[in-house]
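**Q** Sequence:
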Amino acid sequence: MSSGTRASAAWRVLKRLTVHEFKAFRSLWLWITRRRHEVGPGAHGAGYTQAQTALIFGFLFVAVVETVVLAFLIPWPTVHAVVTFVDVYGVLQILGLHAACVTRPHVAGADGSLRIRYGALFDLRLRARDIRSVRVERRYPQGKHFQLSEDGVLDVVIGGQTTVTVELVEAVPFVRPLGSRGEARVIRFNADDPAALVAAVKQAQTQAADARESGDHAGAN
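Residues 45 to 265 (the numbering used here) are what the sequence shown spells out, left to right.
Treat the hints with care, since some could be wrong.
[Claimed, not checked] Below, computed lysine to any residue pairings styled on SDA-like, alpha-carbon distance capped at 25 Å: (1) K67 with V106; (2) K246 with S224; (3) K67 with L114; (4) K246 with V230; (5) K67 with G134; (6) K188 with G203; (7) K246 with G134; (8) K67 with V180; (9) K246 with A87; (10) K188 with H64; (11) K67 with Y133; (12) K67 with V113; (13) K67 with R80; (14) K246 with V216; (15) K246 with R159; (16) K67 with V132; (17) K188 with S224; (18) K188 with V146; (19) K188 with D155; (20) K246 with V180; (21) K67 with T77; (22) K246 with E211; (23) K246 with Q137; (24) K188 with G134; (25) K246 with R173; (26) K246 with T93; (27) K67 with F190; (28) K188 with Q96; (29) K188 with P85; (30) K246 with Q205; (31) K188 with P217; (32) K188 with T209; (33) K188 with L168; (34) K188 with R173; (35) K188 with G226; (36) K67 with V130; (37) K67 with E211.
[To be verified] Okay, the calculated beta carbon distance ranges per label pair: (38) A255 with T97: 36 to 44 Å; (39) R256 with Y133: 47 to 55 Å; (40) L104 with R78: 40 to 48 Å.
Since the hints were made in silico from the structure, they are not lab data. Note that CB positions come from ideal geometry on N, CA and C, so glycine has one too.
Given only the sequences and the hints, what does the whole structure look like? Please build it.
**A** Dropping the structure here:
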């Protein structure tokens, strides 16, 4: 890879990280005002934060303690100001990550669609016709938050587990948090109440199918 190509790739990653941070900080406002991002009328918003909340607030506690301790230990004003800024910014990043996850739930649309998200980092929209089946299935994958196997199975892991499995009619493209792309034919992800989410998807798909059938009968008559 040439230096120009590497620089271009680094710039794309930096740009994407900046967008993620902006969305995360915007999510703080949504969190404070108790609003959710793009959960429309008739849609079912499914949270997924329970499995990671203790860990997130553990990180937050450590970051706050570090900020306070260093504020007392560093005697040089300039260094003190820089370190305090960095630490406070780190605290806001942790809060922003959690706020983004709270305010950007998975969404089972009234039309049978499904939107799978992880905060501001991941957002995949599946149309009703993309979905072959959806079911509750608890798994405990080892490794990273986002894992794509060679046979096209994408795991979006939260708290070391996934609880919902979606099988697709055909592979769909998706974008990873840092911008690289892939295709998945099966998606496994976590939801706090997987049974309610699966039921919402199936009910919406049934209602949409019934509505199309009624429309076809009306047109025939």
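**Q** Look at each hint and say if it fits the structure.
**A** These are the hints, each one checked on the structure:
Proximity of K67 to V106 is assessed by CA-CA distance (about 24 Å); at most 25 Å being required, the pair is judged to hold. This hinted pair does not check out: K246 and S224 have alpha carbons roughly 31 Å apart, beyond 25 Å. Taking the CA atoms of K67 and L114, the gap is about 29 Å. The hint is violated against a cut of 25 Å. The hinted pair formed by K246 and V230 meets the criterion: a straight-line CA distance of about 17 Å does not exceed 25 Å.
A C-alpha spacing of about 15 Å is found between K67 and G134, which places the hinted pair at or below 25 Å, so the restraint holds. Of the pairs offered as hints, the one joining K188 and G203 holds, with about 11 Å between alpha carbons and a cut-off of 25 Å not exceeded. In summary, the hint linking K246 to G134 is not supported, as the alpha carbons are separated by about 41 Å, beyond the 25 Å threshold. Under the criterion of a C-alpha separation no larger than 25 Å, the hint pairing K67 with V180 is inconsistent with the structure, at around 30 Å.
Note on K246 and A87: the hinted pairing holds, with a Cα-Cα distance of about 12 Å set against a maximum of 25 Å. As the CA atoms of K188 and H64 are separated by approximately 18 Å, the hinted pair is consistent with the 25 Å bound. With a CA separation close to 15 Å, the supplied pair K67 and Y133 stays within the 25 Å bound. Taken as a hint, the K67 and V113 pair is broken in the structure, with Cα atoms around 30 Å apart against an allowance of 25 Å.
Taking the CA atoms of K67 and R80, the gap is about 13 Å. The hint holds against a cut of 25 Å. This hinted pair checks out: K246 and V216 have alpha carbons roughly 20 Å apart, not beyond 25 Å. About 14 Å separates the Cα atoms of K246 and R159, which keeps this hinted pair within 25 Å; it holds. Distance restraint check for K67 and V132: the Cα-Cα separation of roughly 18 Å lies within the 25 Å cut-off, and the hinted pair is therefore satisfied.
At roughly 15 Å between alpha-carbon atoms, K188 and S224 fall within 25 Å of each other, so this suggested pair holds. As the CA atoms of K188 and V146 are separated by approximately 21 Å, the hinted pair is consistent with the 25 Å bound. With a C-alpha separation of about 32 Å, the suggested pair K188 and D155 falls outside the 25 Å cut-off, and the hint is violated. Simply put, K246 and V180 have alpha-carbon atoms about 12 Å apart, close enough for the 25 Å limit, and the pair holds.
Only pairs whose Cα atoms come within 25 Å are accepted, and K67 paired with T77 is accepted, the gap being roughly 15 Å. A threshold of 25 Å between alpha carbons decides the hint, and for K246 with E211 the separation of about 13 Å falls inside it, so the pair holds. Restraint check for K246 and Q137: not satisfied, since their Cα atoms lie roughly 36 Å apart, outside the 25 Å limit. Of the pairs offered as hints, the one joining K188 and G134 holds, with about 22 Å between alpha carbons and a cut-off of 25 Å not exceeded.
With a C-alpha separation of about 12 Å, the suggested pairing of K246 with R173 holds against the 25 Å cut-off. Restraint check: the Cα-Cα separation between K246 and T93 comes to about 23 Å, which is no more than 25 Å; the hinted pair holds. This hinted pair checks out: K67 and F190 have alpha carbons roughly 19 Å apart, not beyond 25 Å. For the given pair, K188 sits about 14 Å from Q96 by alpha-carbon distance, which is consistent with the 25 Å threshold.
At most 25 Å may separate the alpha-carbon atoms for a hinted pair to count; K188 and P85 exceed this at roughly 34 Å. Straight-line distance between C-alpha atoms of K246 and Q205 comes to about 23 Å, which keeps the hinted pair within the 25 Å bound. At most 25 Å may separate the alpha-carbon atoms for a hinted pair to count; K188 and P217 meet this at roughly 19 Å. Distance check on the hinted pair: K188 and T209 sit about 18 Å apart at the alpha-carbon level, within 25 Å; holds.
With a C-alpha separation of about 18 Å, the suggested pair K188 and L168 falls inside the 25 Å cut-off, and the hint holds. Between K188 and R173 the CA atoms are separated by roughly 29 Å; this puts the pair beyond 25 Å, and the hint is violated. Between the alpha carbons of K188 and G226 the distance comes to roughly 16 Å, so the proposed pair stays at or under 25 Å and holds. This hinted pair checks out: K67 and V130 have alpha carbons roughly 19 Å apart, not beyond 25 Å.
Between the alpha carbons of K67 and E211 the distance comes to roughly 29 Å, so the proposed pair goes past 25 Å and is violated. The hinted range of 36 to 44 Å is satisfied by A255 and T97, whose Cβ atoms lie roughly 38 Å apart. Distance hint for R256 and Y133: a CB-CB separation of about 51 Å, consistent with the stated range 47 to 55 Å. The beta-carbon spacing between L104 and R78, approximately 20 Å, falls outside the hinted interval of 40 to 48 Å.
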